[in-house]
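S.K.: Sequence:
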Amino acid sequence: MKGDFTRSTFNKKKHYSSVCMQQGRVQMDADWNEQMDIQAHFRQTKARDVIGLTGVPKYGGGFAISIDNNELKISSGRIYVGGILCELEEEITYKTQPDYPKLPIESDLLENIADGNHLVYLDVWQRHISALEDENIRDKALGGPDTATRSQTVWQVKLQSVEGLECSLIDPGWQQGTTNSTGLLSARAKPGDESDNPCVLPPNAGYRRLENQLYRVEIHESGTEGSDNPTFKWSGDNGSIVAKVEEISGEEITVSHAVQGRLDEFSPGQWIELTDDDHELRGKKGVFLKIKEKNGEKITVEPSLEDVGWNPGDFSGLIKIRRWDSNGAVKVEIPANNDGFLKLEDGVEIKFEQGKEYKTGDYWLIPARSATADIEWPKDATNNPESKTPYGIKHHYGKLALVEINNEVFVNFIQDCRESFPPLNEIRIDQGGCCTVTVGDGKSSFGDVDSIQAAIAKVKAGGNICLMSGLHEANVIINGGKNISIKGCGEQTRVIPKKSKQPIFNIVDSQFITMEGMNITTFKGTAILMEEKAAGKLKEIEISDNRIIALTNAVHIRNGERIKIRKNRIRMLDRDKGDTAIFMRAEDSIIENNEISVFPAKKLSPPEEITHTEMAVPDLSAPDTDVESIYNNPFWLFSYLNKIWNYVLSEYPEKEFRVPGGIQIAGDSEGIKIKENQVTGGYWNGITLGHTPRDMDDLLKPILKTNYGINKDSLGDEALKRFKDNFVGFISNMLIESNIIKYMGLNGIGVVNFFSLQEVKEMVTIDELTITGNTIAECLQQKPSKIEGKMEMEMAFGGIALADCENLTIRENHIEKNGANLTAPVCGIFIQHGERIDISDNRILNNGPKTFQGLTEVSSGIGGGIIIRLGLGKVIEEFVEKIPFMDGVPAVKIHDNIVTQPLGKALFIGAFGPVSVVGNHLTSQGIDPKISFFPSLAGSVMIINLGVSRDLFALLLISQLKTIMSSVKEKKKKSLRRDNTIGAATMSMSAANPVYATASGLVSYGTFASVPANLFCLGMGGMPISLAESPVGDFESAVTAETGPIIEMLVYLPTGNVLFANNRTTLDLRSQEQDFAISSQLIFSLDDISYVGNQSECNSRIDYVLADVFTIGNTIRTNDNRFQEGLTIALFSLLSIGLMMNTWTGNQATHCLTAVGIRDETFDNNLVLLDGIMGFPISDQINCANFRKLLITLLNQEK
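Here the working numbering is used: the first residue of the sequence shown is 1, the next is one more, and so on.
Treat the hints loosely; a few may be bogus.
Cβ pair distances, simulated, as ranges [said to hold, decoys possible]: (1) K73 <-> V50: 56 to 62 Å; (2) A148 <-> E252: 30 to 36 Å; (3) A719 <-> D896: 42 to 48 Å; (4) E386 <-> N338: 28 to 34 Å; (5) T147 <-> D448: 50 to 56 Å.
Just so you know, the hints here were simulated from the structure itself, not pulled from any lab data. Idealized CB from N, CA, C, for every residue including glycine.
Whenever a hint applies, use it, and build me the whole structure from the sequences.
M.R.: If you want it as structure tokens, here you go:
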């Protein structure tokens, strides 16, 4: 501070807290200034202790960096740097900051700044301001003299090239070019010559001037003593003699407004420094000139300004001259004599420290007092002058942000480096005060302990572990722990393994454990492993709000209860030996709101910013990468991490995935919920149900990766036996809701594998499975190269592919664009076997997208929109009066779906129980002989229901009874009552004992002869039974002998009712090479078919269809439908054969409506647009009516 001061007396080592004025004493500027220095020291120290070296308030925090149109912007607000408050009233840009003029910027370009990552930081220091710099300080009423000066906080936003992508990991050496100097100076009053008389003071000793002076020694040219020729200047008046420059003309300088009006302080022969505000703010030296003569306010200098290289363009704003007492700039050196001290004047001497670095602006103050003929300077224990660091200028630095510069413009904002702090009244006990143990990494952060395992030992019985920011190395084991919380500081708390192949966290038989807020990374193993070694000991574990990178598993759970995996971001490395992201074998657990993705192998090459180093950087995509060397190099490690976390998988990569990815729920799990997760990438399923025995992984995993479908040939006899002995395939009570599943190699949701039903005889069975509200898109991009040929028609792939389900609900899902193209069979939904299936309100579109390859390369297998290989009704295993019964729930319910299938049927159902298909839009855009079941029989819809009609069963029995009844009628005349009432009947049934029936009386069945009541009762449905005897007598014995086999087969089979109503079905063959199909829709049932209120359409380019709709059933009703064939060449719009009864009324058709009821029929109000063969009658005898007669004749049945 270049003020007119007597001295600076503040010394923090004396611990003074205030300055106390006394009455009647002289007031000195030094006292007042020391009080200000005491207060400033206290204020800054307190702010540093409370806030830290740098911090922005939670409310009103400023200096946020952003990039807009290649312009670096600085937001308004406040920040504390080194305890000093910095304020910015309104948003500015890097180029317009007030205290950093003349930046190295031309237009929008950054000149002389290298491309790459740069740290944006704040440089804060204190600047002395006098009335010369700020005229408002001078009170005009005083007529010119100035009074006090000011101290101003200067902040400057600057750039520093760095090698780093994380603020916390930037090499501390970034301040090497910005830190304060290392220069040291000592001062003394010249000692006198040695004398024999100690009482005589030598005349040339000490400070010899009559005036009290405050000497200022200031570095002019930066450099290191002994090598860079640094220079210094000095003044006996603290450099306070300064005047404003009004005009410069040649060698003449016109000045005014000298401090205190002391223009007379400038005299010929003195040296002055020409400078301005810009030079001072940028820490640059001025130009030294010697006063040749002075005439009032005009000063003539030498050498000329041109000779010293003065450029008027380098100076602007407030230009000033400052008088120095040195002869210009003096070289910093250590003379060989005089103990290395340089002489200033009148006994004042200074000494620079050898080899130290000195920077422009560094200064020291030396008070000299005539009363003592000495200077005030501290001395060491040997009574020699101490070497002191500069009084100033003290710079404080704070990180603001990381940005990227390319081609001399700001192109990318990388990270905000500011740290915020809340107001004191918002700090609660649970914010840092609830930590039982704090854990630092021992390098950049320091807590109660420096290892997580040591913290676990302190809180094994319960407590909160707080992980501080930093890089923690750990292989933590929590065995038998209870009520333990491990919480990190988010992204800044990074945890890597000490031993790369071992889990980072291994939780064994523990309860109520939570882990959150960590950045967990393992390039070789599993991040978190949970194991239950004693039944019921692993439960209530929560993993939430973490970032996890792993190879084997992010989270692996081997038995547990009430496990919660929530709100984690997970990345799996696409390398060999990888596995699923989450493997769970548990009960009553949830996987919710996680983001799970695979980082493709092609992207795993070293980040660009670390490939320029001399050392070879390990490549994570290589199978045997030395990951330890990456762990040991923070710059490498976090360059990789930054690359992984910044990547977003937005499409299936060109190179196939090598890691399964996704979520896997193991067999024997129960009550699992998978909700609102985003799952992308991997060669397997997005969500996999079931698992194979762990001890067979070496054998089974290569099979799973290269082919699919396991049979005897896949395993061999010995392995097959091991597999069957250890396979656990049952999962119950599962919910999969509102997930987004994309870019998987196999199914969106699928089983671990399909097994040969003939040879392996195992299935993954799920009871009570609900799949609702999910989006499954662009999966099945990496279909296995080989499918066991014997199993091609037993299994399938697609959006959802399941093996065996009981009580299955699939609702409100979007299943779209799965499969790479239509050359391989693709399903929207495939169910190999199920009971009580409900598929409703789904959008199943474009699975197996069309390509330009045509159908010449289509491979064989099962493809279609919704494919149910076999759906069953459910027999309730309860008894009402000891009789099993059906529960009334359809075997298959398909309601309100929109299905568009590029190749294959829109709907196929193989059922053994009631079927309801209502309110759907079903479109098939192509058929092929290699795809699905019976492709030429039906193009768009095929329903085969083998459920048995009770009426048909009764007729079959009655036809058998006619002969029996005539032979035993007389014998049992007295025992049979013909009053047409139902006698009491009882039944008993168990697995070990066949059913025995007793009954009396007959049941009248229409116009046919009466039927024994026991046979009527046996037709109520259930499992097949045997009748070994009947106490009713010879009649029942005869009945049993003749009808027993039929009853055993049919009596408890489900019904086969089919309701097909209010659907819109389209067979679109316009862009399809296959040009023939028996029908668009084929519905077959041994029971009733209700085909009501539908719209059926065939679109083609002169293709052939025998019948638009073909139905065969016991009883059929076809009412109020519209059949359209357009240009399709068809014989029939409807071909319907009812084995017992057939009704068709109110239909409209393009071609013939031909229906037959073998026993009875009725029809009315039907309309046909085109009569005859394909709409072109050849004669009056060839028309729709005669077609029907011909059909009746072929069926050997007269109307």
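S.K.: Each hint needs a verdict: does it hold in this structure or not?
M.R.: Structure-based check of all given hints:
In this structure the supplied range 56 to 62 Å is violated for K73 paired with V50, their Cβ-Cβ distance being about 29 Å. Taking the beta carbon of each, A148 and E252 are about 33 Å apart, inside 30 to 36 Å as hinted. A hinted range of 42 to 48 Å for the beta carbons of A719 and D896 is consistent with their spacing of about 46 Å. Between E386 and N338, the C-beta spacing of about 18 Å breaks the proposed range 28 to 34 Å.
A beta carbon spacing of about 54 Å between T147 and D448 agrees with the range 50 to 56 Å that was offered as a hint.
Comparing the model with each numbered hint stated earlier shows that hints 1 and 4 do not hold.
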